[in-house]
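Residue strings, one per chain:
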Amino acid sequence: MPDIKTPTTRWTLNGQEVENTSGMTILEAANEHGVEIPCFCYHPGLSIAGNCRICMVESNRSPKPVISCSERIADGLEIETESEVAVDARNSVMEFQLINHPLDCPVCDKAGECILQDHSYSHGPDRSRFIEDKNIRHTKELGPTISIWGNRCIVCTRCTRFCDEISGTSELCIVERGDRSVVDVFPGIPIDNQMAGNTVDICPVGALISHDFKFEARVWNMERKDSVCGGCSRGCNIEVETLDGFVKRLMPRENQDVNDWWMCDEGRYGWRHLYSDDRVLEARGPSGPLDSSRSITAFIEILDNSPRVAFLIDPFLTCEELHLVHALASSSSDSLVGGWLPDQGAAAEFPAGFKISADKHPNRNGAEQIFGHQVFGEDASQLQSALNDRSIDTIVAFCGGPGSDGPGQEWSAALAKASTRVLFSVQEGNWLDGATLVFPATAPLEKEGTWVSEDDRLQRTRSCWKPGEAPFPSELVFLQSLQSALGTRSRSLSAAGIFRELSEVCAPFADHNHSDIGSLGLLLSDRPTGVGAGGGA
Amino acid sequence: MAFRKIFTQHIQKKTCHTMAFYKKHGGYEQAKAALSKRKKPDALIDLVKASNLRGRGGAGFPTGVKWGFVPKATDKPKYLVVNADESEPGTFKDRLIMEKCPHLLLEGILICCKAVGIETAYIYIRGEFVFATERLQKAIDEAYDEGFLGNNALGSGQRIDVTVHRGAGAYICGEETGMLTSLEGDRGNPKLKPPFPAIEGVFGCPTVVNNVETLANLPYILEIGADAYRAIGPENSPGPKLFCVSGHVENPGTFELPMGVPLRTLIDKHAGGVWKGRKLKAVIPGGSSAHVLTADECDVAMDIESLAAAGTMLGSAGVIVMDETTCMVDAMLNVMRFYHHESCGQCTPCREGTGWLAKITHRIAHGEGRMEDLDLIQDVCDRMVGKTICALADAAAFPAESIVKKFKSDFESAIQNGGSPAWKKRHPSVVGGTASHA
Chain A
-15 MPDIKTPTTR WTLNGQEVEN TSGMTILEAA NEHGVEIPCF CYHPGLSIAG NCRICMVESN
45 RSPKPVISCS ERIADGLEIE TESEVAVDAR NSVMEFQLIN HPLDCPVCDK AGECILQDHS
105 YSHGPDRSRF IEDKNIRHTK ELGPTISIWG NRCIVCTRCT RFCDEISGTS ELCIVERGDR
165 SVVDVFPGIP IDNQMAGNTV DICPVGALIS HDFKFEARVW NMERKDSVCG GCSRGCNIEV
225 ETLDGFVKRL MPRENQDVND WWMCDEGRYG WRHLYSDDRV LEARGPSGPL DSSRSITAFI
285 EILDNSPRVA FLIDPFLTCE ELHLVHALAS SSSDSLVGGW LPDQGAAAEF PAGFKISADK
345 HPNRNGAEQI FGHQVFGEDA SQLQSALNDR SIDTIVAFCG GPGSDGPGQE WSAALAKAST
405 RVLFSVQEGN WLDGATLVFP ATAPLEKEGT WVSEDDRLQR TRSCWKPGEA PFPSELVFLQ
465 SLQSALGTRS RSLSAAGIFR ELSEVCAPFA DHNHSDIGSL GLLLSDRPTG VGAGGGA
Chain B
2 MAFRKIFTQH IQKKTCHTMA FYKKHGGYEQ AKAALSKRKK PDALIDLVKA SNLRGRGGAG
62 FPTGVKWGFV PKATDKPKYL VVNADESEPG TFKDRLIMEK CPHLLLEGIL ICCKAVGIET
122 AYIYIRGEFV FATERLQKAI DEAYDEGFLG NNALGSGQRI DVTVHRGAGA YICGEETGML
182 TSLEGDRGNP KLKPPFPAIE GVFGCPTVVN NVETLANLPY ILEIGADAYR AIGPENSPGP
242 KLFCVSGHVE NPGTFELPMG VPLRTLIDKH AGGVWKGRKL KAVIPGGSSA HVLTADECDV
302 AMDIESLAAA GTMLGSAGVI VMDETTCMVD AMLNVMRFYH HESCGQCTPC REGTGWLAKI
362 THRIAHGEGR MEDLDLIQDV CDRMVGKTIC ALADAAAFPA ESIVKKFKSD FESAIQNGGS
422 PAWKKRHPSV VGGTASHA
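Chain order of the listed sequences is A and B.
Numbering of the first sequence is given in this note's numbering, commencing with residue -15 and proceeding in unit increments.
Numbering of the second sequence is given in this note's numbering, commencing with residue 2 and proceeding in unit increments.
The hints are simulated quantities; they were obtained by calculation from the structure and are not laboratory data.
Here a beta-carbon is modelled for each residue, glycine too, at the ideal position from N, C-alpha and C.
Mixed in with the good hints there might be a few duds.
Restricting the straight-line Cα-Cα distance to at most 30 Å, the calculated cross-link-like pairs of lysine-lysine (DSSO-like) are [claimed, not checked]:
hint, chain 1, residue 1, chain 2, residue 2
1, A, K339, A, K209
2, B, K409, A, K118
3, B, K407, A, K48
Footprint (simulated), chain A over chain B, 3 or more residues, beta carbon under 8 Å [what the hints assert, rightly or not]:
hint, segment
4, 332 to 344
5, 353 to 366
6, 386 to 398
Input sequences plus hints: build the corresponding full structure.
Have a look at this one:
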């Protein structure tokens, strides 16, 4: 690429001459120099509203303070963010924001991650001069998943702009005027679009509340892990928030190459199955539960006694798990590997470019890189016929997936024909009837490893489990134990270690490693150019 | 040259609003001349610039300069939006023009459209002006019938269409960008500036926004020329002007006088003086958004510069006169309730500030005031002024801060004596305060 010089602007920020790309707003440019200007209505993914006024700064070009979210930098512009004028303007806005705002932080779900709360610590007065009665505004359900707590609303219009610009559904509006203004829906038309949950995330206060998270946890008690949504093959970047190892909430994580700042409701609320009563939580044989060593012995016995073993993989397995399956399959001669795919769902694309894929699995792409492009195609048909005509009678099948109905009717019927069946399953179901051995399987949010999205993006997903408190050995751990028992593995490794093995034998993954993937992932085709190149986490 | 009335000359005549009457009195002659092929648009803009015509809506911006901001070379259509959403308390001048001489406005619109190269004009009229809307629509129909409007306006080859759009009762839609948002079909929230309407106005296209009275001045400027027009009143804000006088006067009404008429003359001579032989207490000279003047400050000329020098503004020239019996606490409560009701709620300082001011004033008027409230009002006003997208916050703060400052004794008395006199009269048995902060 030729070095195209982007035009720059020289301006003065708090007395220091600085340079930024021309056309930036003061707020964005100041941020680049580590000067944070508070804001409520500004959101990088939305249009500029300029209504909250908290980002006012002093300018040499205006007799009045200017709003930095909308004003752009210019040569010779002098901006003061900490002068008396600027600080006084911010303090004024904070006082106004707070006069009618209830002091209900102790029961507000947003507390701890509330921008109003944060700014009130830095800019708010320590006591109120407002002795009047506070305004009362409506608290009501806006849709099946979201309620408005009107008294907390600061009318920043982030949510209405989101529905206008990002989801394109325009369900939300501001009703009433002046200090009666509050967010509402049009009569009889609830907010139920596929991206609705994002409005709660971007609400700078606790006005929009998600029914799913209401009173569930105090946000400061939760642990957060960067992960990836397994709901479809888009691979939206998410943050998994857990309390004592239990998932409480999924939040989108900014990745401009994948999901911007957003995620869909299907992914967001699709984690409850983790705690359903019908999870498979321990290994079992025909005569009941098996402890770890006995289950491994039983497994090896089956492998030893079967002339030909087939493997059925699922597209939820991580690349690391698939690598271990691949190694296991390769070690027995004449083995057959195929994969099953969940039913297609509905694809969706939204005005701002956010997409939901019809392919409801996170790692078909990765499996195809490892097992070849026919693993879900011809190989799978072959495997199914082999099962149906009983030319194979030992099968090891992975029936994972989120809240899945197992591998589906067709595969369940085919599996039932094998006389020896070793099944890994997230949940109980009729496909487990008559299985020789049943092992618990991890659901997408419990996996540690990598997935390859439909765009060839290699991304890391992390387990929501508390370290050292796994309810059962994950596939990653179990398959390594099995290898050790078989004498094909000398020491057990982390997901990163298994990935290193994978990268050594599988060309598409060559030269990559977990730390290069970073928090935002990388394209499989992006080859590191030298030592230490890449993301690095 | 003797002052000639251009708006109110014929208003006593029953048919003054008709095309026939208007044409008989020289109507549309100036528009015909302006729209003739020989007349260059730039010459019209230069003429209006030279006349020093200042906008009559409230801000007093030079009209010719505003037209000059509209880009000449653009692929987009240009629009004229006539601000007929006359809703400033104390103001009723545009209504008179639209009811009595609608063709004067239409002729002004034709001239503006020629000067700026506009084909579509919208008249955004206050929804409550039902009669004015009817008269205006009738005049527009007449103008279409005569071929003065339409695809070949006045035979010029230029298309000029005029559409009347009725507002739905919000004061904020009289703010120019709030009006544009409303015209686009959205909630009438003012827009961020820049971009200014001249560059990106209604539907994202270059737009001239002019007040009714401003446009109605144009035929007269073309008739007598810029020099003669500038000679009417003070040179920097010249012209005939409609002054609306209301409140405690013997003869309230709309008076057409040269710009710069002394306020005392306006009240004492034209409006018949303060009523019932009482003394003058206070005057709001330019609609309720202006700083109030005390009786002692009323020796001032009614023009843009003089009133600015006196610390207030000509605004919409809505002169509200208050006599010595007026309790300024009640007066302020009335004004604050209005702004609290009408704030669009978009910007934090205005949304919260207008409500706060109304509540404090309500409390003082109803006997629960505290001395520190007076400083609090000043401080809240300081925190509102100049910090919002549009000027509504300023419009609420200006009367508040000036009333409290200039009539402090009224407030002190209400605080010390358990409420404003009017409130105490209605609640004789109440000692101290029992105000509910509704």
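Hint check results:
no., hint, in the structure
1, K339/A with K209/A, "23 Å, holds"
2, K409/B with K118/A, "27 Å, holds"
3, K407/B with K48/A, "25 Å, holds"
4, 332 to 344, "holds (count 4)"
5, 353 to 366, "holds (count 8)"
6, 386 to 398, "holds (count 4)"
Figure legend: structure checked against the earlier numbered hints; every hint is met.
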